[in-house]
Amino acid sequence: MQTHAAKRVEIIIEAPMESRLTAALEKAGVTGFTVLPVLGGSGRSGRWTREGQVGRSGMVAVICLIRPDRLDTLLDAAFAVVERHIGVVSITEAQVLRAERF
Numbered sequence: 001m002q003t004h005a006a007k008r009v010e011i012i013i014e015a016p017m018e019s020r021l022t023a024a025l026e027k028a029g030v031t032g033f034t035v036l037p038v039l040g041g042s043g044r045s046g047r048w049t050r051e052g053q054v055g056r057s058g059m060v061a062v063i064c065l066i067r068p069d070r071l072d073t074l075l076d077a078a079f080a081v082v083e084r085h086i087g088v089v090s091i092t093e094a095q096v097l098r099a100e101r102f
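Residue numbers for the sequence shown, in UniProt numbering: 1 to 102.
Honestly, I wouldn't trust all of these hints.
As the list claims (entries may be wrong) - Restricting the straight-line Cα-Cα distance to at most 25 Å, the calculated cross-link-like pairs of lysine to aspartate or glutamate (DMTMM-like) are:
hint : residue 1 : residue 2
1    : Lys7      : Glu18
2    : Lys7      : Asp69
3    : Lys7      : Glu83
Said to hold, decoys possible - Okay, the calculated beta carbon distance ranges per label pair:
hint : residue 1 : residue 2 : range
4    : Arg47     : Gln2      : 39 to 47 Å
5    : Arg98     : Leu71     : 18 to 26 Å
6    : Asp69     : Arg44     : 27 to 35 Å
7    : Arg67     : Gly41     : 25 to 33 Å
8    : Ala80     : Thr31     : 14 to 22 Å
9    : Thr3      : Glu83     : 29 to 37 Å
10   : Arg44     : Arg98     : 36 to 44 Å
11   : Met1      : Arg67     : 13 to 21 Å
Source of the hints: derived by calculation from the structure; they are not laboratory data.
Quick reminder that beta carbons are idealized off the backbone N, C-alpha and C, glycines included.
Between the sequences and the hints, there should be enough to build the whole structure, so can you do that?
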């Protein structure tokens, strides 16, 4: 089966910033992404968990699969939001089927 090169971008950000981030991605031409709740983790500030949080507190993961030539545009849009808040951006190589969807 034919596969095509893509980039998988995962952005972990504070849940209240989700709508600002996704709006920035859409404005930059990103047509698809998935948002998942993050239950907990560990980082520079130590271990944390979503348990006991009230409202929209906590973190979310926004995941995008894009064509490699669109990566810089996505990163510019994402970093404009993430740079002032808690967040991590990671990029990995991916292979996708049906490249026309990306």
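(request) Would you list, in rising numerical order, the hints stated earlier that this structure does not obey? (result) none
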